[in-house]
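Just so you know, the protein sequences line up as chains A and B, in that order. Start counting the first sequence at 1; every next residue gets the next number (the UniProt record's numbering). Start counting the second sequence at 1; every next residue gets the next number (the UniProt record's numbering).
Any given hint could be a false lead.
Because identical chains share one entry, a pair is satisfied inside a single copy or across any pair of copies.
Quick list of in silico lysine to aspartate or glutamate cross-link-like pairs, EDC-like style, CA-CA up to 20 Å [said to hold, decoys possible]: (1) K322 - D189; (2) K202 - E325; (3) K356 - E139; (4) K377 - D189; (5) K12 - E198; (6) K288 - E350.
To be clear, the hints were calculated from the coordinates, so they are not data collected in a lab.
There are 2 protein chains.
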Amino acid sequence: MALSEFRPLDEKLLVEYIKATPSLASKLGDKFDDLKIKEVGDGNLNFVYVVVNASGSFVIKQALALKEHGQLCPEHVPEVYHFDRTMSVIGMRYLEPPHIILRKGLVAGIEYPLLAEHMSEYMSKTLFFTSLLYLSTTEHKRSVAEFCGNVELCRHTARVVFSDPYKISQYNHWTSPYLDHDAEAIREDNMLKVEVAELKSKFCERSQALIHGDLHTASVMVTPNSTQVIDPEFAFYGPMGFDVGAFIGNLILAFFAQDGHANQGNDRKAYKEWILNTIEETWNLFYKKFIGLWDEHKDGPGEAYLPAIYNNPELQKLIQVKFMEDLFHDTLGFGAAKMIRRIIGVAHVEDFESIKDASKRADCERRALEFAKMLLKERRKFQAINQIVSAIKQHQS
Amino acid sequence: MALSEFRPLDEKLLVEYIKATPSLASKLGDKFDDLKIKEVGDGNLNFVYVVVNASGSFVIKQALALKEHGQLCPEHVPEVYHFDRTMSVIGMRYLEPPHIILRKGLVAGIEYPLLAEHMSEYMSKTLFFTSLLYLSTTEHKRSVAEFCGNVELCRHTARVVFSDPYKISQYNHWTSPYLDHDAEAIREDNMLKVEVAELKSKFCERSQALIHGDLHTASVMVTPNSTQVIDPEFAFYGPMGFDVGAFIGNLILAFFAQDGHANQGNDRKAYKEWILNTIEETWNLFYKKFIGLWDEHKDGPGEAYLPAIYNNPELQKLIQVKFMEDLFHDTLGFGAAKMIRRIIGVAHVEDFESIKDASKRADCERRALEFAKMLLKERRKFQAINQIVSAIKQHQS
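So that you can see chain A by itself, here it is in the shape it has in the complex (with noise of 0.2 Å):
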């Protein structure tokens, strides 16, 4: 089916459109009598249906970076079966069981051995090869230009992390009465609100990578041996820490829930332990992939730093170290923005929400919260993810 444009997806429309595409048809058994199309997106700015009937099923989605992202990182993204660059369709993997969301393990208490392994691959290529250091200038702007498009979405991002939270908004709801001053007391936080507002233009206005744009806890699908990223409709061409931050943020809510979790049969030390070592980890192991996918290609296309003017070894060190440092107080301020809206924002994590008690509930997430606030504050004085595994265990009581 050729259509020359693209065309938001309706139902009618997708029928036609299977029918045309043999990729797709044959999973129906090239039969469409008894065909159930059901519609599970967001009734955002992407379009996501259920296709099943007698012969077979499949997923439908409209979003670009399911497709750029799974050729960067194909062993963490589900396959794509078809896809159609100009109707931006996409027809992929059904993540079958045992896949779960990555956030209903860490709340059951399951550990993930693979994980850092698994995420710190996933975000150093998506992230890599998306950015100057792998594309040229022309590649670089043609593909910013491609996900600009993606505005509502970036724009309701930008209005849950950055603004709601630090403002009085009908949307915003937390643990009261027992967070009503923590709540104010942020909103009346004037150092907080600079630094927030840094990290947000940083958020609005830096084309950096191609990042996924929401990559919380259940963003992830996983299985003891599998990690699968899932859920790229937000993404857009905005600052790598943003990415990194979502997810070593959402870790940390984790741990902060953990206590929350704990019973006589389980309190929970060991796997408090075993969050901490896998934000150690993602970081480390990030940093490391990253720096050796920076090395391998450093005479490639990329053009934010060409060979012929890092031309020495000690030059090309000092280059890398700075790009990593501001990365990482990046990935700390994004990391601590996310936390802080989860708690006080609009939309709150299972991690929290499954706690029954609220008076327990919010002694855990005060715990969140004022790590975060001291986060967003003071990211520039840490050097090192050590550093910051030491000050979570110093805000756990």
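Model the placement of chain B on the given structure of chain A, informed by the hints.
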């Protein structure tokens, strides 16, 4: 003439286009037999045609930003007679004598008492109104996408400003042999290269405002009463400091060139003072006007700092001071990079080129180069423009 999509204009299409556009056809007395069309563009992404017949004349350009900036600051941008968004075609005013290129006026030692006033007006309006201080996230991203098409010119700028001067390049030249060692020293200055990489990444990645992109003193036409900014072909969403820095950096080049133009009849001392005053006034007026626009529109559509969050005078002051300090340091960094590239890069400036005596020229250039190197590396230590003026004076001999 209803063209439904953008097409590069060739001469044949241009004639059709003029015939079908009353506001242009009427300027030629609706006669097309004796039409003379001359292509005077840069042969790049943007087209410039001079169209003449017995009845009249005009200039036709394909350049999006002229219209955009003209609406924001009509006093200092040539009037546009006709604009076609789909085609980006512009029919505009021909800037009649006695308008001359500002750079030529600076070489001739002519004072323009209104220059700082006018340029600060132009820069504050074009930069403020195209930034997130005035635009919603949606409008901003839409506009960013629109100007991503200008990728080839951006790439060209990135190369000539941030790359070529710092490596061996067949395009580089300088006043040889006098500056051979100076050029070599720049290629071996690790700290300078680290700083210039940071600026390059900001130039390529930060969509802060719709900048002119080439705002040196030959992109401005002047009379004692009129200041007109021309040639916005390089316009794209970039860092504000790139524009302010280009203008101020080129004024500093003009300053360091004056000793080469001094003769028995005119020692240029008073003129050097006028340039320094103009530099100081340009920044101070820009600062004042920019903050004025910000205060005036702080409850407007801009989404960078929502009034519900930045809701007290102390906090408002805090974010403005921080914003302007960052912009000041960007301005100094980009200004310095622009100076360096005009002395040892591919394209030089008439300010120095018109100094016939090579040894004398090299002396002037070396002082400018030493100042620019210091400024690029130490820019964060400066807090106010009068400190810059003092530093310029210290480098003048």
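- Item | Violations among the numbered hints | 3, 5, 6
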